[in-house]
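*Asks:* Here's the letter readout for the chains.
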Amino acid sequence: MAVKKRLNMRKRYELLTRGLAWEPSYQPREKVFPYEDFEGIKITDWDKWEDPFRLTADSYWKYQAEKDKKLYAVMDSFAQNDGFLNVSDASYINALKIFIQGVSPLEYQAHRGFAHLARQFAGEGAQIACQMQSIDELRHIQTQIHTISNYNKYFTGMHDPFHMHDRVWYLSVPKSFMDDARTAGPFEFITSISFSFEYLLTNLLFVPFMSGAAHNGDMSTVTFGFSAQSDESRHMTLGLGIIKFLLEQHEDNVPIVQKWMDKHFWRSYRLLGIVSAMQDYMLTESPLSWKEGWKIYFEDNAGALFNDLSRYGIKMPKFHEVATAEADHLSHQVYSVFYAFSHAAGFQTTVPSAKKMDWLSEKYPDTFDKYYRPRWEMWAEMEKEGKRFFNGGLPLDCQVCQIPMVFTDVVNGNPMKPTHRVSEYKGDKYHTCSDGCRDIFENEPEKYVQALVPPQQIFQGNCGGETIPDVLNWYHFAADDGGEYHGSTDEKNWKKWHGEQSDSGSQEKA
Amino acid sequence: MSKSKTFIIFQDNADARPFIDAVEQDNPDISIDYQPGMVRFENEGELIIRRETVEEIIGREVDLQEIHVHLVSIGGNIEEDDDYIRLVWN
Numbered sequence: 013m014a015v016k017k018r019l020n021m022r023k024r025y026e027l028l029t030r031g032l033a034w035e036p037s038y039q040p041r042e043k044v045f046p047y048e049d050f051e052g053i054k055i056t057d058w059d060k061w062e063d064p065f066r067l068t069a070d071s072y073w074k075y076q077a078e079k080d081k082k083l084y085a086v087m088d089s090f091a092q093n094d095g096f097l098n099v100s101d102a103s104y105i106n107a108l109k110i111f112i113q114g115v116s117p118l119e120y121q122a123h124r125g126f127a128h129l130a131r132q133f134a135g136e137g138a139q140i141a142c143q144m145q146s147i148d149e150l151r152h153i154q155t156q157i158h159t160i161s162n163y164n165k166y167f168t169g170m171h172d173p174f175h176m177h178d179r180v181w182y183l184s185v186p187k188s189f190m191d192d193a194r195t196a197g198p199f200e201f202i203t204s205i206s207f208s209f210e211y212l213l214t215n216l217l218f219v220p221f222m223s224g225a226a227h228n229g230d231m232s233t234v235t236f237g238f239s240a241q242s243d244e245s246r247h248m249t250l251g252l253g254i255i256k257f258l259l260e261q262h263e264d265n266v267p268i269v270q271k272w273m274d275k276h277f278w279r280s281y282r283l284l285g286i287v288s289a290m291q292d293y294m295l296t297e298s299p300l301s302w303k304e305g306w307k308i309y310f311e312d313n314a315g316a317l318f319n320d321l322s323r324y325g326i327k328m329p330k331f332h333e334v335a336t337a338e339a340d341h342l343s344h345q346v347y348s349v350f351y352a353f354s355h356a357a358g359f360q361t362t363v364p365s366a367k368k369m370d371w372l373s374e375k376y377p378d379t380f381d382k383y384y385r386p387r388w389e390m391w392a393e394m395e396k397e398g399k400r401f402f403n404g405g406l407p408l409d410c411q412v413c414q415i416p417m418v419f420t421d422v423v424n425g426n427p428m429k430p431t432h433r434v435s436e437y438k439g440d441k442y443h444t445c446s447d448g449c450r451d452i453f454e455n456e457p458e459k460y461v462q463a464l465v466p467p468q469q470i471f472q473g474n475c476g477g478e479t480i481p482d483v484l485n486w487y488h489f490a491a492d493d494g495g496e497y498h499g500s501t502d503e504k505n506w507k508k509w510h511g512e513q514s515d516s517g518s519q520e521k522a
Numbered sequence: 475m476s477k478s479k480t481f482i483i484f485q486d487n488a489d490a491r492p493f494i495d496a497v498e499q500d501n502p503d504i505s506i507d508y509q510p511g512m513v514r515f516e517n518e519g520e521l522i523i524r525r526e527t528v529e530e531i532i533g534r535e536v537d538l539q540e541i542h543v544h545l546v547s548i549g550g551n552i553e554e555d556d557d558y559i560r561l562v563w564n
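Protein sequences, first through last, are from chains A and B. Note that the first sequence covers residues 13 to 522 in the working numbering. Note that the second sequence covers residues 475 to 564 in the working numbering.
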């Protein structure tokens with residue numbers, strides 16, 4: 013009595029996930045799926061959709077539950093054992109403030125976006141993949157709030173991230189990125205988020221930065237980070253899967269997809285400028301520099317990927333060589349903006365320590381000592397004289413990426429020359445930070461002229477009042493949320509807690 | 475032209491250990507990079523994880539999809555079967 017061997021994975025998966033949909037008969041198909049055509053994408057056969065991971069719903073729930081159990085055990089133990097006292101330094105927490113204010117709200121928007129796709133894609137394979145991703149993103153925002161709420165009890169700046177996200181000048185960088193994708197059609201959205209952001213670049217946020225969190229004693233953050241990134245592996249395969257599917261469905265899709273890749277690569281890259289500053293400057297100890305991460309996770313990995321996609325006629329995203337050239341400068345330029353404007357931020361900054369500057373010299377031998385160290389030393393000197401530098405004005409932001417005009421012509425060997433660009437549309441002037449952002453603006457000016465650019469809004473009186481304190485109040489920032497780290501509430505508390513600890517319990521802690 | 479590199483990253487913890495050891499065993503010449511909290515494997519060409527090897531190390535039956543609990547990231551096209559997971563660039 014031979015026991016029949018169970019079906020193989022492919023067959024099993026097919027039986028469990030296919031043939032669940034139906035052809036609509038009461039309404040024409042285009043009314044049931046109204047978003048599928050207007051972007052010009054041609055789908056001839058949704059059944060050609062192949063899921064990269066053959067994960068059925070029952071396995072999905074089982075493994076996600078296991079991930080959460082592990083994560084919540086770590087979070088519990090972290091809270092129970094005052095884990096916050098064991099991070100490398102309180103200044104490190106400033107990176108987590110940017111994370112909860114800037115990144116976590118994007119997770120929620122991604123949840124909304126994929127829920128929309130799960131409804132609007134006509135193919136059942138794509139629907140299920142988007143449904144799972146939608147639930148993943150909700151898990152990410154929840155676990156991030158749960159993890160960081162423990163820090164919120166002890167540190168400033170983390171009390172109202174969603175309110176801040178919709179209003180604050182530097183948070184308009186991530187917000188405008190996601191709004192851009194969310195207001196596009198479904199195929200552009202998934203190209204933006206799953207491919208350009210998640211496949212090409214998300215490793216740079218969730219791998220070296222989270223490994224850095226582990227290195228700085230923050231076992232709580234590294235655990236939610238890696239737990240989220242494990243879902244991200246699935247999302248990356250979805251990103252690659254959808255791209256191949258679109259390219260194989262119809263040759264007319266190729267130029268459309270290429271254009272979206274170009275645009276959203278640059279948008280994602282500019283957004284990650286913030287991550288470069290977190291990675292190189294805000295981690296007290298950084299295991300990997302932004303530049304090293306860029307080499308591994310973009311140059312090598314994307315090189316392999318685009319090699320693979322070249323058979324469809326797809327090329328590396330436009331301006332990728334600019335991004336690679338900028339790897340030597342990016343974090344220094346972005347963190348200098350944070351430093352100069354942190355009196356209006358929900359986190360604190362400070363001049364990097366001598367040890368940190370030596371590390372930066374070592375990691376950036378061609379640029380740090382030549383261009384950036386002298387400025388830090390000048391700012392350190394000013395601070396010593398009691399004249400800590402803050403930029404008293406409001407920055408001019410890029411109309412597209414919304415980062416102040418700080419970038420320079422690195423790719424042509426002119427790192428001291430700004431790449432500020434000006435375009436005209438219907439008689440008005442619009443400013444962008446680079447050729448990459450200008451290109452995006454000029455391809456869809458009617459979209460980007462509507463961007464809500466924070467400094468302009470402040471000048472127009474739409475942000476709570478005329479003075480900086482009025483605006484900060486409107487942001488829900490408390491008086492001690494921003495500014496210089498030295499002398500901040502966070503630093504004072506940190507010293508107090510450790511002073512007490514060294515008298516009583518430091519031996520057990522070690 | 476040199477071959478494209480595939481990679482896989484696991485959390486560096488006890489539960490992930492059988493998967494980490496299996497990758498090491500089944501992919502001779504693979505490069506291994508331990509970073510805080512994680513292990514990153516990188517290979518020229520393909521990279522494979524075999525169920526049989528993981529089962530031998532762990533001492534019980536294994537569903538390779540358990541990998542989702544330990545995985546941090548991957549690079550390459552994925553081929554998934556009952557007996558192996560393979561990462562490959564075409």
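To be clear, the hints were calculated from the coordinates, so they are not data collected in a lab. Treat the numbers as computed from the prediction; the structure is a model and nothing was measured. Take these hints with a grain of salt, some might be off.
To be verified - Mimicking DSSO-like on lysine-lysine, the simulated pairs with C-alpha atoms at most 30 Å apart in a straight line are:
id : chain 1 : residue 1 : chain 2 : residue 2
1  : A       : Lys-60    : B       : Lys-477
2  : A       : Lys-429   : A       : Lys-382
3  : B       : Lys-477   : A       : Lys-82
4  : A       : Lys-429   : B       : Lys-479
5  : A       : Lys-165   : A       : Lys-368
6  : A       : Lys-504   : A       : Lys-396
7  : A       : Lys-60    : B       : Lys-479
8  : A       : Lys-327   : A       : Lys-459
9  : A       : Lys-54    : A       : Lys-23
10 : A       : Lys-60    : A       : Lys-81
11 : A       : Lys-508   : A       : Lys-368
12 : A       : Lys-327   : A       : Lys-54
13 : A       : Lys-507   : B       : Lys-477
14 : A       : Lys-367   : A       : Lys-330
15 : A       : Lys-367   : A       : Lys-74
16 : A       : Lys-441   : A       : Lys-459
17 : A       : Lys-368   : A       : Lys-504
18 : A       : Lys-271   : B       : Lys-477
19 : A       : Lys-74    : A       : Lys-54
20 : B       : Lys-479   : A       : Lys-256
21 : B       : Lys-479   : A       : Lys-271
22 : B       : Lys-479   : A       : Lys-375
23 : A       : Lys-441   : B       : Lys-479
24 : A       : Lys-256   : A       : Lys-43
25 : A       : Lys-507   : A       : Lys-165
26 : A       : Lys-256   : B       : Lys-477
27 : A       : Lys-507   : A       : Lys-367
28 : B       : Lys-477   : A       : Lys-327
29 : A       : Lys-399   : A       : Lys-330
30 : A       : Lys-399   : A       : Lys-507
31 : A       : Lys-382   : A       : Lys-368
32 : B       : Lys-479   : A       : Lys-330
33 : A       : Lys-459   : A       : Lys-429
34 : A       : Lys-43    : A       : Lys-54
35 : A       : Lys-327   : B       : Lys-479
36 : A       : Lys-429   : A       : Lys-441
*Asks:* Would the hint linking A:Lys-399 and A:Lys-330 be met if the CA-CA limit is 30 Å?
*Replies:* With a Cα-Cα distance of about 43 Å, the restraint between A:Lys-399 and A:Lys-330 is violated, given a limit of 30 Å.
*Asks:* Taking 30 Å as the top limit, are the C-alpha atoms of A:Lys-429 and A:Lys-441 close enough?
*Replies:* Judged against 30 Å, a Cα distance of about 21 Å means the pair holds.
*Asks:* When you check the alpha-carbon spacing of A:Lys-441 and A:Lys-459, does it fall within 30 Å?
*Replies:* At roughly 15 Å apart (the allowed maximum being 30 Å), A:Lys-459 and A:Lys-441 satisfy the hint.
*Asks:* Against the 30 Å threshold, does the CA-CA distance of A:Lys-367 and A:Lys-330 hold or violate the hint?
*Replies:* violated (37 Å)
*Asks:* Within 30 Å, alpha carbon to alpha carbon, are A:Lys-367 and A:Lys-74?
*Replies:* With Cα atoms ~46 Å apart, A:Lys-367 and A:Lys-74 exceed 30 Å; violated.
*Asks:* Starting from A:Lys-43, check that the Cα of A:Lys-54 is at most 30 Å away, please.
*Replies:* holds (17 Å)
*Asks:* Under the criterion that the straight-line Cα-Cα distance not exceed 30 Å, is the pair A:Lys-54, A:Lys-23 satisfied?
*Replies:* Answer holds: A:Lys-54 to A:Lys-23 is near 28 Å, not above 30 Å.
*Asks:* Would the pair A:Lys-399 and A:Lys-507 pass a check requiring their Cα atoms to be no farther apart than 30 Å?
*Replies:* holds (24 Å)
*Asks:* Given the hinted pair A:Lys-256 and A:Lys-43, is their alpha-carbon gap at most 30 Å?
*Replies:* OK: A:Lys-256 and A:Lys-43 at ~26 Å, within 30 Å.
*Asks:* Going straight from one Cα to the other, do A:Lys-504 and A:Lys-396 come out at no more than 30 Å?
*Replies:* At roughly 18 Å apart (the allowed maximum being 30 Å), A:Lys-396 and A:Lys-504 satisfy the hint.
*Asks:* Tell me if the straight-line CA distance from A:Lys-271 to B:Lys-477 falls inside 30 Å.
*Replies:* Since the Cα atoms of A:Lys-271 and B:Lys-477 sit roughly 27 Å apart, the hinted pair holds (cutoff 30 Å).
*Asks:* Taking only the CA atoms, is the gap from A:Lys-368 to A:Lys-504 under or equal to 30 Å?
*Replies:* holds (21 Å)
Hint check: violations occur at hints 3, 4, 10, 13, 14, 15, 19, 23, 29; the rest are consistent with the structure.
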